[in-house]
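A.B. asks: So the sequences go chain by chain: U and H.
Residues 1 to 314 in our numbering are what the first sequence spells out, letter by letter.
Residues 315 to 604 in our numbering are what the second sequence spells out, letter by letter.
By construction, these hints were calculated from the structure, which means they are not laboratory data.
All values derive from a computational prediction rather than experimental measurement.
Hints are supplied without guarantee of correctness; some may be wrong.
Stated by the list, open to error - Computed spacing ranges between beta-carbons, pair by pair: (1) U/119 x H/445: 37 to 45 Å; (2) H/529 x U/102: 39 to 47 Å; (3) H/548 x U/201: 19 to 27 Å; (4) H/341 x U/242: 38 to 46 Å; (5) H/596 x U/213: 48 to 56 Å; (6) U/299 x H/505: 46 to 54 Å; (7) H/397 x U/127: 50 to 58 Å; (8) U/123 x H/320: 57 to 65 Å; (9) H/594 x U/174: 27 to 35 Å; (10) H/346 x U/242: 42 to 50 Å.
Stated by the list, open to error - Cβ-to-Cβ under 10 Å is the rule here; a few derived chain U residues that face chain H: (11) 115; (12) 117; (13) 122; (14) 124; (15) 125; (16) 150; (17) 152; (18) 153; (19) 158; (20) 159; (21) 172; (22) 174; (23) 226; (24) 229.
Stated by the list, open to error - Partial selection, computed: residues in chain U whose CB lies under 7 Å from chain H: (25) 77; (26) 145; (27) 148; (28) 149; (29) 157; (30) 162; (31) 227.
From the three backbone atoms N, C-alpha and C, an ideal C-beta is built for every residue, glycine too.
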Amino acid sequence: MNLFEQRRVNENGRAGSVAVGSRAMTLGSAAVAPAPAADIAEVSSSMRAASGASAGAAARAQTSTAPIIAAENLRTYYGHNEVLKGVSLKLPQRSLTALIGPSGCGKTTFLRTLNRMNDHIPGFRVEGKVLVDGRDIYAPDVDPVLLRRRVGMVFQRPNPFPLSILANVTWGLRGHGLSRKEQRERAEESLMKAGLWDEVKDRLKEPALRLSGGQQQRLCIARALAVRPDILLMDEPTSALDPRASTKIEELMLELKKEYTVVLVSHNMHQARRVSDQCAFFLHGEVVEYGPTEQVFENPQDERTSAYVSGRLG
Amino acid sequence: MNAATDRYMRLYRRRKLKDQMMTALLRLCVVLALIPLVSILSYVTWRGIGAVNLDFLMKTPAPVGASGGGMANSIVGSGIVVGLAALMGIPVGVLAGIYLAEYGRNNLFGKVVRFLADVLQGIPSIVVGIVAFTLVVLPMQTFSAFAGAVALSMMLVPFVARTAEEAILTVSDDIREAAMALGQPRWRVILSVILHAARGALVTGAMLGIARLAGETAPLLFTALNNRFWHQGLLAPISTLTVQVYTYAIAPFDDWNAQAWAGAFVLLTLILLTNVVARTLARSKYGERS
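Model the full structure from these sequences, guided by the hints.
C.D. replies: See the structure below:
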């Protein structure tokens, strides 16, 4: 996995934020003095300074760390129950941000707020702002359907449709103005990106539900990528998988974050540490700490963070 | 063996005995429940199969007093009336089911519709016949296949609506969310993913509804009425198997009674076939996990 990290630095030259990630990984359990903690405002402002924010395929070529997602004093409610109590976070482009915290702390709610998947839950309400590329996604003129084409999602349990493998990947492409051939090409491209192509290329017409759990999850990732999102939300994507399948998904995440802005909810602290560049620690609907992964794990600024990452709080 | 283990074993043996007794009781109840079904099937077959011949299946009833003839017109008539009822009732029922499952889960309108559908399912079918008589037969001044179909579809809609709702609700929210998250409008999520995943249960529900209709007599008595000839269009009285069986069964002629048994046998066979077809169609190619 360090190989991935190394290649990433070479390819993208994003030494700044990458170093954080890879250092955190190599550090692991080794007793190396932690880097001085950068405060959250500093992180985000330096990120913003790095480049102007412009998303889409064109922007992927350049190396930018501008915040693509920004939550401003975000409060969410299910009925009278306040779940997020004023969350402000800026997530930089093309990197992986892990959201960690105990069950019920609001991290999944936060994730689902980013593509408005909570809209359909009765009694759900949002206050504050979520900006994607500077646009408030809860503004009345924003169509959640179009938003979700930019903000893809992978779920906790693999959830392929009861269709063929190919039909699963091309399903989201309706209304994108693609010919059958183009859809097919897009499917191939996405399956390759998801590292599944070699395993399924000879049986694209077979039922997707016949794949193994890990393959199904990679199919779901391919399905999400086919729509060409800029942002990929992953809600504990490995929690229903065995260790080997999980490792594959983790390796995939490291690849994906070169090209996409990935937001990962994880219960697995080791995983969060291995794959993320930034890490946000949620507790009782608030962000207790947010910063480079290395700092959050090695030198947490808050007593509660340190208790959680060391396993004393859960 | 000391006293403690002895008591333990005694308790264990008593529990095991109780378990065996209850299982035997359950088996007995299953057998009891099957007795009427099996006896109906075998008795109808025994009485009916002898009178089924090519004439019975191909000919219209013989004139009163003459022997021979068949129920071909009733078999076709049943097909027409039930088919027309399905054509009117299934689309409305399925759409109502989609509404209940996808949009009306918690709102007041959904609750009211669900309640009314349940009530409607419990209404005696003779009442449905009277309603159809009042709404269709009286204004049109004629008994007709159409009136019969309207009566039957009134019974079909609530049944299909509720089974469709149940079918759609069995589709896991995982799939629903996956589809929504891909940035597709809700109607397409419902049409191409939800309905697809629920297809098996939807088809089964519709077919069971049809099978139920095929056996209805009361709603047809004064809507479709009866007819001794081939069908004469949808706006004329039409013969159906059930009404014909009823007519022939209460007639004082032995050969009519025999034909009634044959009609009952044919009806049972058709309903059985419908069920088998429903179950075969319900198997989805991509739905099975291996």
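A.B. asks: Please go over all the hints and tell whether each is borne out by the structure.
C.D. replies: To see whether the hints hold, each was checked on the structure:
no., hint, verdict
1, U/119 x H/445: 37 to 45 Å, "holds (42 Å)"
2, H/529 x U/102: 39 to 47 Å, "violated (58 Å)"
3, H/548 x U/201: 19 to 27 Å, "violated (55 Å)"
4, H/341 x U/242: 38 to 46 Å, "holds (41 Å)"
5, H/596 x U/213: 48 to 56 Å, "violated (26 Å)"
6, U/299 x H/505: 46 to 54 Å, "holds (53 Å)"
7, H/397 x U/127: 50 to 58 Å, "holds (56 Å)"
8, U/123 x H/320: 57 to 65 Å, "holds (59 Å)"
9, H/594 x U/174: 27 to 35 Å, "holds (30 Å)"
10, H/346 x U/242: 42 to 50 Å, "holds (47 Å)"
11, 115, "holds (6 Å)"
12, 117, "holds (6 Å)"
13, 122, "holds (6 Å)"
14, 124, "violated (13 Å)"
15, 125, "violated (16 Å)"
16, 150, "holds (8 Å)"
17, 152, "holds (7 Å)"
18, 153, "holds (4 Å)"
19, 158, "holds (9 Å)"
20, 159, "holds (4 Å)"
21, 172, "holds (3 Å)"
22, 174, "holds (6 Å)"
23, 226, "holds (8 Å)"
24, 229, "holds (8 Å)"
25, 77, "violated (17 Å)"
26, 145, "holds (5 Å)"
27, 148, "holds (4 Å)"
28, 149, "holds (3 Å)"
29, 157, "holds (6 Å)"
30, 162, "holds (4 Å)"
31, 227, "holds (6 Å)"
When each numbered hint is compared with the structure, violations occur for hints 2, 3, 5, 14, 15, 25.
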